[in-house]
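Visitor: Sequence:
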Amino acid sequence: MSDRYIHKDIEAKWQATWEKQGLYDTVEMPGQPKWYALTMLPYTSGDLHTGHWYAMTPSDAAARFRRMNGYNVFFPIGFDAFGLPAENAAIQNNVHPQKWTYNNVERMQGQLRRMGAMWAWDREAISCDPEYYKWSQWFFLKLFEMGLAYREYAPVDWCPKCNTTLAREQVWGEDRHCERCDTPVIKKDLNQWKFRITNYSEELLDDLDNIDWPDPVKVMQTNWIGRSDGAQVTFVTEAGDPIEIFTTRPDTLWGATFMVLAPEHPLVNKITSDEQRGAVDECVEQASRLDEIARTAEDKEKTGVFTGGYAINPVNGERIPVWIADYVLMGYGTGAIMAVPGHDERDFEFAKKFDLPIQLVVQPPPDSDAGHVRTADDLESAWPGEGVMINSGPINGTPVGKEEGESVKAAIAWLEEKEKGVGAVNYRLRDWLISRQRMWGTPIPMIFCASCGTVPVPYADLPVRLPDDAQFKPTGESPLNYHEGFRYVKCPQCQGNAERETDTMDTFMCSSWYQYAYVDPYHKAGAPLAVDDMPWDGERGSYWLPVDQYTGGIEHATMHLLYTRFFTKALRDMGVVDFDEPMLRLFNQGIILGPDGERMSKSRGNVVNPDEYVDKYGADTVRGYLMFIGPWEHGGPWDPSAIEGVSRFLYRVWSVILGEPGSNGAGGPATEEDVRGLERKLHQTILKVSEDFGSFRFNTAIAALMELNNYLIRVKQTFASSQSVGAEHGIWQESVRALLLMMAPVFPHVSEELWQRLADGSEARSIHLQSWPQADPQKAKEDEITVVVQVNGRVRDKLNVAPNTAKEKLEQMALASDNVQKWMNGKQIRKVVVVADKLVNIVIG
RNA sequence: GGGUCGGUGGCGGAAUGGCAGACGCAGCGGACUUAAAAUCCGCCGGGUUAAAACCCAUGUGGGUUCGAAUCCCACCCGACCUACCA
2 MSDRYIHKDI EAKWQATWEK QGLYDTVEMP GQPKWYALTM LPYTSGDLHT GHWYAMTPSD
62 AAARFRRMNG YNVFFPIGFD AFGLPAENAA IQNNVHPQKW TYNNVERMQG QLRRMGAMWA
122 WDREAISCDP EYYKWSQWFF LKLFEMGLAY REYAPVDWCP KCNTTLAREQ VWGEDRHCER
182 CDTPVIKKDL NQWKFRITNY SEELLDDLDN IDWPDPVKVM QTNWIGRSDG AQVTFVTEAG
242 DPIEIFTTRP DTLWGATFMV LAPEHPLVNK ITSDEQRGAV DECVEQASRL DEIARTAEDK
302 EKTGVFTGGY AINPVNGERI PVWIADYVLM GYGTGAIMAV PGHDERDFEF AKKFDLPIQL
362 VVQPPPDSDA GHVRTADDLE SAWPGEGVMI NSGPINGTPV GKEEGESVKA AIAWLEEKEK
422 GVGAVNYRLR DWLISRQRMW GTPIPMIFCA SCGTVPVPYA DLPVRLPDDA QFKPTGESPL
482 NYHEGFRYVK CPQCQGNAER ETDTMDTFMC SSWYQYAYVD PYHKAGAPLA VDDMPWDGER
542 GSYWLPVDQY TGGIEHATMH LLYTRFFTKA LRDMGVVDFD EPMLRLFNQG IILGPDGERM
602 SKSRGNVVNP DEYVDKYGAD TVRGYLMFIG PWEHGGPWDP SAIEGVSRFL YRVWSVILGE
662 PGSNGAGGPA TEEDVRGLER KLHQTILKVS EDFGSFRFNT AIAALMELNN YLIRVKQTFA
722 SSQSVGAEHG IWQESVRALL LMMAPVFPHV SEELWQRLAD GSEARSIHLQ SWPQADPQKA
782 KEDEITVVVQ VNGRVRDKLN VAPNTAKEKL EQMALASDNV QKWMNGKQIR KVVVVADKLV
842 NIVIG
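The first sequence lines up with residues 2 to 846 when you count with the working numbering.
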């Protein structure tokens, strides 16, 4: 075999060998600690881009590190295979989405293999496989039975380009555009299936404390769930109709001078007086149109109309006008508010614009300029801050603090006593809309029968298969709608004519439980299902689950990462899992950018193709480079010249380890200090690298490995020969082996090749089955330490001393220094700070 | 408007209260070569200087401390999230 490092040969050879040996096949080993490492599954786009390499290869290195540290590691892979691009390709190229998808899968499997990752291919799962989606359907039926899946006619967000509805989480930005195609969404009233994720609002919020996830994700989920504490209060119209409102400031109820309903509020029509009907209708019309046009940021000016109707404020019996305005949203709270312009900025603006009365119920402190007690007329904006309750009957005099909420508590207590309202919690989170009007997704296993109503498909009939012969037309409508064989069925209950649900499930449904599918993919393949089935092998599940370490991008913070948490809680309640959270630890990697520092995109022309670099430098170099760029969570630009550094490193390692011994240098045996120096450097490196790998700091770990290699290069010149005997030989052998072991997680191929060559055929066991090198902290200790001597905080001298030299001794030595004496210049010492093994600071003056 | 994270050489970054710039890229000088590439050796924040040495320097301005890139306050800039949430 060649003595040169030829990455192409080596990588191909070891990838084939490992696969043949089944090196990464999954084995459950009861009694041995397990580690379930998971990286977010790729969508079957057909091409593995640099972002995939950036997300997956460090995740693989971390999994390999765990494995070398004695864990039985599970690192599975699969494909998120349903979705719109396949269907669009089908329409454009007249090819079935399944064919398109599986072609892509095949291509991506090859690309994934080139990474040299320890994928558990024996547990691969592809979500568009009927044996996969039959379980998605099984879950749907279970959720339906539990009342967690329901169908509702309601306004929903519709993407006119994708021709489907979207979940609230998939509508982005202030212009409310589609997460996938950026098209602004419109409103439609439709019958849609939803999951009752809101049943778990509180638990989803509270359990964030029990998982080791990055704070930004927790903050985003917390905000998305959006808990507000306050009260629900019932106002009554003059006609006697109740209007429920939610408020976080029930203490300001006495300051409510009008009410505002959302234009879509069901009571609008009834409450509107004849005189106002024209104006109200126009406003409602305008609001509904506004929803259909892209709402722009400038649309901040408040618009509204008086309905002509009045309601009675339950706390003081006052008659207040009822308005409608588009700043009140039907989708939040009850779609109606009490307006307290004195203490709410939005209500204040509205009151000013339409000349409505403003009543202060919290007395602000005296104005320092005016010097008198402030009244509503003095205000240029609402007063949200502290003060004392006034004009508020039973709660007058209660202080209003910044945080305390004493006045709020007093108000709720009074409301509850008088039965005029109750303390209430409101969440921003909405139920998860899962219906999609597209064909390439998991069919929703429901049947509509004229006489029996909505009937679930019996478990034994699963899966409801997608037809192989669907016709794709550019009508924008799902082909399932006009596929007669799919659509028209017999009712499972009465055997009469019935119709299938033709909507399919949101693809986030597939990824909500894929971490469970990997444990035992396609469980009970080909067999009929039953209500009391388990969707995977129980022993395998209880061995591996839950996921110990999840890695992926933060872009899924309020989508996939929220859905899968909900799903796990629902699975727990259906008795399928016995834990509360799917992933115990999460790490968010950053985004790899183009060489210009901008997000990679075809239109910018800054897309880096990883295959090109793998061809040129090898997978090991590309892996190492991506991990060396900087902290994994930061991401950063791809620098096509910086990759040279990692490539050179591997060539240097190669020649250090295989280079002719004794060929470099003057010869002669190494000194004791040379031997000790290498030993110290080695153990310091093991300590550093172990710690860094454990916390995903690959960049500094690789830097430490480079330092060790540089040290080996230097020391090799003073070592007579790596083949010679004694201490010199021992530490050299130990060092090069440890270097390879520590390189193995990042550079699996080249480290295996060199490991085997060092073994000279005698040690055939893969480097990836070896144990991580153990550091000896004693050996890592410095024999001599440099202690800095400062005068007034500026370095003036340095002392070389043994570690743990006594503070008194250090002070003595520092004061004896000529340099220090010079800088002290005879001035008086005010203080001497001594930090052992670090510094002496002499303060003079 | 609100929230989160960040700002250090020409560049990516290291250092999280104690010698700022580890490791790498680019650059400069040298060795090898007929020459180039590759490789190897050396230099590499700015200023004063023959040198030693000293001074300045981690977005800006203050503060805490014997000592601040690191902690606190205010501001500027950037990225991401969120947005009439009652």
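These are calculated hints, taken from the structure and not from any lab test. Mixed in with the good hints, there may be bad ones.
Stated by the list, open to error - Straight-line distance between alpha carbons at most 27 Å, and here's what the computed DSSO-like set of lysine-lysine pairs gives: (1) LYS100 x LYS35; (2) LYS100 x LYS188; (3) LYS617 x LYS9; (4) LYS808 x LYS823; (5) LYS828 x LYS782; (6) LYS14 x LYS617; (7) LYS474 x LYS100; (8) LYS799 x LYS832; (9) LYS808 x LYS782; (10) LYS100 x LYS603; (11) LYS828 x LYS810; (12) LYS188 x LYS14; (13) LYS100 x LYS189; (14) LYS780 x LYS839; (15) LYS271 x LYS421; (16) LYS799 x LYS823; (17) LYS9 x LYS21; (18) LYS9 x LYS35.
To be verified - Computed Cβ-Cβ distance ranges for the label pairs, DEER-style: (19) ASP819 x GLN718: 34 to 44 Å; (20) PRO31 x ASP207: 25 to 35 Å; (21) GLN771 x ASP581: 47 to 57 Å; (22) LYS410 x GLY332: 25 to 35 Å; (23) ASN164 x GLU418: 50 to 60 Å.
Predicted model only: the values in this text are computed from it and were never measured. The beta carbon of each residue, even a glycine, is placed where N, CA and C say it ideally should be.
Visitor: Now, for every hint given, state plainly whether the structure supports it.
Guide: Quick rundown of the hints versus the structure:
With a C-alpha separation of about 37 Å, the suggested pairing of LYS100 with LYS35 is violated against the 27 Å cut-off. Between LYS100 and LYS188, the direct Cα distance comes to roughly 34 Å. Violation of the 27 Å bound is thereby established for this hinted pair. At most 27 Å may separate the alpha-carbon atoms for a hinted pair to count; LYS617 and LYS9 meet this at roughly 9 Å. The straight-line distance between the Cα atoms of LYS808 and LYS823 is roughly 22 Å, inside the 27 Å bound, and the hint therefore holds.
A distance of roughly 38 Å separates the Cα atoms of LYS828 and LYS782; the hinted pair therefore is violated under the 27 Å criterion. Proximity of LYS14 to LYS617 is assessed by CA-CA distance (about 17 Å); at most 27 Å being required, the pair is judged to hold. Distance restraint check for LYS474 and LYS100: the Cα-Cα separation of roughly 17 Å lies within the 27 Å cut-off, and the hinted pair is therefore satisfied. Restraint check for LYS799 and LYS832: satisfied, since their Cα atoms lie roughly 19 Å apart, inside the 27 Å limit.
Restraint check for LYS808 and LYS782: satisfied, since their Cα atoms lie roughly 19 Å apart, inside the 27 Å limit. Among the hinted pairs, LYS100 with LYS603 is consistent with the structure: their alpha-carbon atoms are about 25 Å apart, no more than 27 Å. The hinted pair formed by LYS828 and LYS810 meets the criterion: a straight-line CA distance of about 22 Å does not exceed 27 Å. For the given pair, LYS188 sits about 56 Å from LYS14 by alpha-carbon distance, which is inconsistent with the 27 Å threshold.
Annotation: proposed proximity of LYS100 to LYS189 is violated, straight-line Cα distance about 33 Å (limit 27 Å). With a CA separation close to 20 Å, the supplied pair LYS780 and LYS839 stays within the 27 Å bound. Proximity of LYS271 to LYS421 is assessed by CA-CA distance (about 23 Å); at most 27 Å being required, the pair is judged to hold. The suggested pairing of LYS799 with LYS823 holds, with an alpha-carbon distance near 14 Å, which does not exceed 27 Å.
The straight-line distance between the Cα atoms of LYS9 and LYS21 is roughly 18 Å, inside the 27 Å bound, and the hint therefore holds. Restraint check for LYS9 and LYS35: the C-alpha separation of about 33 Å exceeds 27 Å, so the hint is violated. Distance hint check for ASP819 and GLN718: the Cβ-Cβ separation is about 36 Å, which falls inside the suggested range of 34 to 44 Å. The given range of 25 to 35 Å is respected by PRO31 and ASP207, whose C-beta atoms sit roughly 33 Å from each other.
Between GLN771 and ASP581, the C-beta spacing of about 37 Å breaks the proposed range 47 to 57 Å. Distance hint for LYS410 and GLY332: a CB-CB separation of about 28 Å, consistent with the stated range 25 to 35 Å. At about 54 Å, the beta-carbon gap between ASN164 and GLU418 stays in the expected band of 50 to 60 Å.
Taken one by one, the earlier hints fail for this structure at numbers 1, 2, 5, 12, 13, 18 and 21, listed in ascending order.
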